[in-house]
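All chains should be modelled from the sequences, with the hints used to inform the complete structure.
Number of protein chains: 2
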Amino acid sequence: MNADQIRGSNNSLEISPVRVGVLGFGGLGQAAARVLTPKRQMLWVAAADHQGYAYNSQGLEVDNAIATYNSQGSVGYLQPTGRLSSNSIPELIAAASVDGYFLALPNLPNTFMASVARQFIASGWKGVLVDAMKRTSAVEQMLALTSELKDAGITYLTGCGATPGLLTAAAALAAQSYAEIHHVKITFGVGIANWEAYRATIREDIAHLPGYDVETARAMSDAEVQALLDRTGGILELENMEHADDVMLELAGICDRDRVTVGGIVDTRNPQKPISTNVRVTGRTFEGKISTHTFTLGDETSMAANVCGPAFGYLKAGIALHQRGICGLFTAAEVMPQFVR
Amino acid sequence: MNADQIRGSNNSLEISPVRVGVLGFGGLGQAAARVLTPKRQMLWVAAADHQGYAYNSQGLEVDNAIATYNSQGSVGYLQPTGRLSSNSIPELIAAASVDGYFLALPNLPNTFMASVARQFIASGWKGVLVDAMKRTSAVEQMLALTSELKDAGITYLTGCGATPGLLTAAAALAAQSYAEIHHVKITFGVGIANWEAYRATIREDIAHLPGYDVETARAMSDAEVQALLDRTGGILELENMEHADDVMLELAGICDRDRVTVGGIVDTRNPQKPISTNVRVTGRTFEGKISTHTFTLGDETSMAANVCGPAFGYLKAGIALHQRGICGLFTAAEVMPQFVR
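Chains as they are written, first to last, in our numbering: chain A, 1 to 341; chain B, 1 to 341.
No lab work stands behind these hints, which were simulated from the structure alone. Fair warning: this is a prediction, and the values are worked out from it, not measured in the lab. Do not rely on the hints blindly, as some may be mistaken.
Pairwise CB distance ranges, derived in the manner of DEER restraints [claimed, not checked]:
no.: 1; chain 1: A; residue 1: 242; chain 2: B; residue 2: 275; range: 32 to 42 Å
no.: 2; chain 1: B; residue 1: 16; chain 2: A; residue 2: 70; range: 55 to 65 Å
no.: 3; chain 1: A; residue 1: 288; chain 2: B; residue 2: 71; range: 21 to 31 Å
no.: 4; chain 1: A; residue 1: 90; chain 2: B; residue 2: 287; range: 31 to 41 Å
no.: 5; chain 1: B; residue 1: 275; chain 2: A; residue 2: 212; range: 36 to 46 Å
no.: 6; chain 1: B; residue 1: 16; chain 2: A; residue 2: 325; range: 17 to 27 Å
no.: 7; chain 1: A; residue 1: 153; chain 2: B; residue 2: 323; range: 14 to 24 Å
no.: 8; chain 1: B; residue 1: 150; chain 2: A; residue 2: 57; range: 27 to 37 Å
no.: 9; chain 1: B; residue 1: 180; chain 2: A; residue 2: 59; range: 17 to 27 Å
no.: 10; chain 1: A; residue 1: 288; chain 2: B; residue 2: 231; range: 30 to 40 Å
no.: 11; chain 1: B; residue 1: 323; chain 2: A; residue 2: 90; range: 31 to 41 Å
no.: 12; chain 1: B; residue 1: 325; chain 2: A; residue 2: 288; range: 32 to 42 Å
no.: 13; chain 1: A; residue 1: 237; chain 2: B; residue 2: 270; range: 40 to 50 Å
no.: 14; chain 1: B; residue 1: 275; chain 2: A; residue 2: 288; range: 19 to 29 Å
The C-beta atom is built at its ideal place from N, Cα and C for all residues, glycine as well.
If you want it as structure tokens, here you go:
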């Protein structure tokens, strides 16, 4: 007798997989497609980039899609399902039957993700949206859309990658042992073999360095990024980053945002992580003891695994909320992600 | 501008605190009352033990209640609100206006918690129930009540202490990075200055030792427990324990129950933990890497803090579910606990 039989419930996700779209098809979008492909509970049916889109209700084939994007610059060239379009997101929304989208889009410009959310609201589409955005100011723009999303019948989960996301949720859990939270400290290590596979992500990291901002980092040519990385030996050291973990933990009632700090070390020339990614939650228990819980990610897990896995776990949780008619905006600190088989 | 203002929502819990009852008033129930007392979002209004109960809609006073119980053996002696009764739970349910109860009752006999749940179902009371039960077989009895709880308008959260509870939820979160989970290993350290403050809990631990079971451990006199602890230097070493983390992670779709193991070391003569309590989740990522995420509790946090804090976090989350009309049975691995201020 297994647990489902004891419980007398059927998991409908086993019968009819969740139809998933991925918007953005750079490093993160491609990893998302690879994460999705073996899953029985989800079916990857749609992808879009800024030049086109592809949709197949029976499922897209990941190797073809990636080879097409990498050789021709857009999934719109995919045969026979691809379409080239300068208006790819609204066209895909109209053309495709999709239960939930993962927005694996560039974080820059900072207003981009909210503008995409507005396109979904305007389209009349109903379903689940998940992003893995990083910046506090970008998540705040999404918070401002809460009532519009709710009225539109959209369940939107924001900040659902690794950090913010998995580590924010771990901090929200760890906080439970304490009467008062003094400090949440997130320290990440990222190792990638080659920065050019993550051009947008690395520019976002550069934007956190002293002397740079979102605009100057985005305007850098590949040669300028390369020259910067040559000067630093491929290492980017980041402190006191503007990361949405702070607003998400404040919203969840755990602590004021100024008690949350995020920093890390990115090695752009080595897939080994320079340090183990972790979150440390320090607080006072009801007996007056000060202590620290720690959640540490295994070094062998990649940024792609720690972003895309949680993102789809939140997407599955979002489907359950949406099926109950619960719409609006939620963060990774408020919802338990569900494991996707 | 704070996060709530950005979001445009009001937290109704700030206005009207959740009225909470605690059933059972031994070590765990007393700690629960102490955890509750400083919280603004919850008000401790009711307590019961097997000889009586106390209810005050304006809140119970924790020092009086504990002193009364410890000197006279029941909160029923509390003046002026206590009542002596051999049928304390049904009488309290009928007498009190309570939004949610924490069932800080003995885990033994193994059928006890389910029998209390049936009393709530029979009473017609609607609200939130939270337990911190440990054994797989006890949680399975609760799973069998899923549809009855749902029909009764009760939102029941089971296995919501430390382990199962906080560590099970951490395992469910950690699993998100992986395509497949190979092993979840929970190792706890508990240090208590004096076993007699946790007579029921220590007997439950003894029941896990080779040569003992639930019945023989429960039948032991205090002198027999003392003699056993004298032989072991106050240490109880527990391996392959029957802990409901296994069925809860199986239900959440994370892995089969035989991949979950729980063990630990209990020092009954030293409040220092003999080892740091932790959960290690080992799995395979979508790229084929094997790795392990680890969640470790700070040594200075007590069993009481790690059980009662999460229990009330789940109770608050249960209130939100109940307000949306979502009833039935949930485990700590399925719901994100909310931080209670």
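Review point. Per the hint of 32 to 42 Å, is the separation of the Cβ atoms of residue 242 of chain A and residue 275 of chain B within bounds?
Key: 38 Å, holds
For this session: Could you say whether the range 31 to 41 Å given as a hint is met by the Cβ separation of residue 323 of chain B and residue 90 of chain A?
Result: Hint holds: Cβ distance 36 Å, inside 31 to 41 Å.
I want to verify a distance hint. Is the separation of the beta carbons of residue 237 of chain A and residue 270 of chain B within 40 to 50 Å?
42 Å, holds
Q. For the pair residue 16 of chain B and residue 70 of chain A, does the Cβ-Cβ distance stay inside 55 to 65 Å?
A. 57 Å, holds
Exercise for review: Can you let me know if the beta-carbon spacing of residue 288 of chain A and residue 231 of chain B is within 30 to 40 Å?
Suggested key: Check passed, 35 Å falls within 30 to 40 Å.
17 to 27 Å as the expected CB spacing between residue 325 of chain A and residue 16 of chain B, which holds or is violated:
24 Å, holds
### Query
Should the hint that residue 275 of chain B and residue 212 of chain A are 36 to 46 Å apart at their CB atoms be regarded as holding?
At 45 Å between Cβs, range holds.
Kindly confirm whether 32 to 42 Å is satisfied by the beta carbon distance between residue 325 of chain B and residue 288 of chain A. At roughly 39 Å between Cβ atoms, residue 288 of chain A and residue 325 of chain B fall inside 32 to 42 Å, so the hint holds.
Do the Cβ positions of residue 275 of chain B and residue 288 of chain A conform to the proposed distance bound of 19 to 29 Å?
23 Å, holds
Holds or violated: 21 to 31 Å for the Cβ distance of residue 288 of chain A and residue 71 of chain B? 25 Å, holds
Evaluate the given range 14 to 24 Å for the C-beta pair formed by residue 153 of chain A and residue 323 of chain B.
The hinted range 14 to 24 Å holds for residue 153 of chain A and residue 323 of chain B, with Cβ atoms some 20 Å apart.
**Asked** residue 90 of chain A and residue 287 of chain B, beta-carbon distance inside 31 to 41 Å?
**Response** 33 Å, holds
In summary, the structure agrees with every hint in the numbered list given earlier.
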